[in-house]
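K.L.:
Chains as they are written, first to last, in our numbering: chain A, 1 to 484; chain B, 1001 to 1160.
Bear in mind the hints are in silico, worked out from the structure with no lab data behind them.
Some hints could be false.
[Said to hold, decoys possible] To be clear about the criterion: a stretch of chain A counts as covered by chain B if any three or more of its residues have a C-beta under 8 angstroms from a C-beta of chain B, and this derived list gives those stretches:
1. 97 to 103
2. 420 to 426
3. 444 to 450
All of these numbers come straight from a predicted model, not from anything done at the bench.
All C-beta atoms in this analysis are idealised placements derived from N, C-alpha and C, irrespective of residue type, glycine included.
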Amino acid sequence: MIVAVALVYFIIVAAIATWATRRTRSASDFFVAGAGVGLWTLAIAKMAATLSGFAFIGGPGLVYTIGIGAVFIILPGAVSNALGAWVLAKKMRLLGEARGLFTIPDAIGARYRSRLAQGLAASAVLVAVVGYIATNLLALGLVIDAIFGTGLATGILIGTAIILTYSVAGGILAGIYTDVFQGSVMALASAIVFYYAMRSGGGMGHISRTVMAADAAFMGPWGRIGPLAAMSFFFVFGVGSLGQPHVVHKFYMLRDPRQLKWYPLLMTVALAVTQLLYVGVGVAMKGLVAGGTLAPLARADQATPQFLLHYTPTLVAGLVFSGVAAAIMATVNSFMSVGAAALTHDLPIALGGRVRDELFWGRVSTFVLAVVSAGVALASGTLVAFLGIFGWGLFGSTIVPALAIGLNWDGATREGAIASIATGLAVTLVGETLGYFKLYGLPTGVTVSALALVSSLLVFFAVSWLTRRGAQPLDADIQLVMEA
Amino acid sequence: MKRLLLRLLVLSVLLVAMPYAAAFAGLAPEWTLYALAIGVNGVIVSLMALGAVRRDRLPRSLVWTFAGLFVLCAGAFVVALALPANEGVGGPLLLGLPLRTAIVLYGIGVVPIAILPFAYALTFESSTLSDDDLVRVREAYERVSAAKERDEREPAGEAA
Chain A
1 MIVAVALVYF IIVAAIATWA TRRTRSASDF FVAGAGVGLW TLAIAKMAAT LSGFAFIGGP
61 GLVYTIGIGA VFIILPGAVS NALGAWVLAK KMRLLGEARG LFTIPDAIGA RYRSRLAQGL
121 AASAVLVAVV GYIATNLLAL GLVIDAIFGT GLATGILIGT AIILTYSVAG GILAGIYTDV
181 FQGSVMALAS AIVFYYAMRS GGGMGHISRT VMAADAAFMG PWGRIGPLAA MSFFFVFGVG
241 SLGQPHVVHK FYMLRDPRQL KWYPLLMTVA LAVTQLLYVG VGVAMKGLVA GGTLAPLARA
301 DQATPQFLLH YTPTLVAGLV FSGVAAAIMA TVNSFMSVGA AALTHDLPIA LGGRVRDELF
361 WGRVSTFVLA VVSAGVALAS GTLVAFLGIF GWGLFGSTIV PALAIGLNWD GATREGAIAS
421 IATGLAVTLV GETLGYFKLY GLPTGVTVSA LALVSSLLVF FAVSWLTRRG AQPLDADIQL
481 VMEA
Chain B
1001 MKRLLLRLLV LSVLLVAMPY AAAFAGLAPE WTLYALAIGV NGVIVSLMAL GAVRRDRLPR
1061 SLVWTFAGLF VLCAGAFVVA LALPANEGVG GPLLLGLPLR TAIVLYGIGV VPIAILPFAY
1121 ALTFESSTLS DDDLVRVREA YERVSAAKER DEREPAGEAA
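Work the whole structure out from these sequences, hints included.
P.N.:
See below:
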């Protein structure tokens, strides 16, 4: 039954992708869906791109391990969509309208009239994108192996081939419309599983009592990680949401900026429903283990598969496995688009040139990125997880100051932007590398991503203030966009 | 208004930096956690307000919304830090969760969902660009592009 549901799912994705591919005729279609996307499509596609397989597999496992502290990763979702709407949505959409911009580094380059800032931002995007894609391909390989019994390596290759087929042919246009289907599957699967999670433990109150009797810290407001680490999650995933290029660049795609009115409501509700599984399964599994109903899990990542196996009907399990594959594929497609744009559009501009046929080279770059990422996923084992971890933090620390604050503060300078991007890159790469190889450990509760974000913010303000006298005036259209 | 919000933003970032600086110095005074609780929410709310400012003004309804949001979110963190831990056997529950946990999760994760999207929608019309504004942005870009092309041509002409 699970195999049948998964097969039906992949057939539907293939059909949507084929339809979208026929509509992809230009670089604008390939990278920003021809700026012709409606509000519902935008909201669901953004939700699908925001949530990777982590929301369905790694997240519940993390809740099972560290308790309520893990919820601080998704908690900012209640405010981050309105935050993005106020800070970036209209300005990004207008930049796309006035200048025909494709990418986030594009916007940074235009804001500061700086090819160096655009190139640095594109470099940060590329580094993080390869890590993110590799991590997600590995997760997709695991899911395909679990459903079809292909083995991990074959699973990775099959998953890569499926995503490549529609990403290379249809670019973000195919991605957007498959995301709508995939996002709907994710939301439905999550809501159903949350119901079964609460039912399995006798309701939230009963689950809480059971866990509190066995492990009081688990159900405390900060879980087992303490207040410093928990609030650091909230900071990085709240403020950092303004710097996620695979999510933010979708603002370029909206057909009419006036449709943004109900965007925060749609996006927030869609995200909240889809994240129910993350909390529900993690806490319910802890309750079932604490109550002696289930044996402790050998690996935390088994929380969702074990729950599905024991407590949901087979059809629901099939739907959730499809939902996991959906989440991963939607995210990977968005990253491929962002990475390909950085390679074919931003880096050539930063180097003083321009690629002639961006649609053709966009397709070639998507293929190259997928092959490199699949190679990394196949070759590097646990290093892949390490690459994925710092993706969010790297995006946040390199893009939030220059883009989100820079588009709302005319006192931000080119030097401030360049210094903050360089700081975010350096702190994240050095900190994560030292930590991974156990050469240096940060104090308890301090995370590299939070440290990188706060450092790049401080550097941005300090350098902008120091260089304010020699700052060049803004282009007239950028000034109008910032005042809009 | 922007000036004030930028100052609040910088102050909030400094508050966020405090616990990290203290941790690196080998200190962990409890008050730095309160600074973090206030700072994190200060960064988010001041950024939101900065994005909502138009012509250096913020609608009064949004001033109250943002002030309320800050009090709610920072307050939930502060209360959770201040209340004694009581998550053991027989500890009080609120809507199925231990009291401190419920204050944080419902206060920060649920209540804003019922407020912020509607605040955005209700103030949207007053801050939406008209068609004229869109035309002005496009015209300004055309002027900028023309000036850049002229600048690029002129040195070449001089050299010739």
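K.L.:
Under 8 angstroms between beta-carbons, do enough residues of the region 420 to 426 of chain A, three at least, approach chain B for the coverage claim to hold?
P.N.:
violated (count 0)
K.L.:
Taking a Cβ-Cβ distance under 8 angstroms as contact, does the region 444 to 450 of chain A have three or more residues in contact with chain B?
P.N.:
Three-residue rule met by the region 444 to 450 of chain A, so holds; n is 4.
K.L.:
Has the region 97 to 103 of chain A got at least three residues whose CB is nearer than 8 angstroms to a CB belonging to chain B?
P.N.:
holds (count 3)
Of the numbered hints given earlier, the model fails hint 2 alone.
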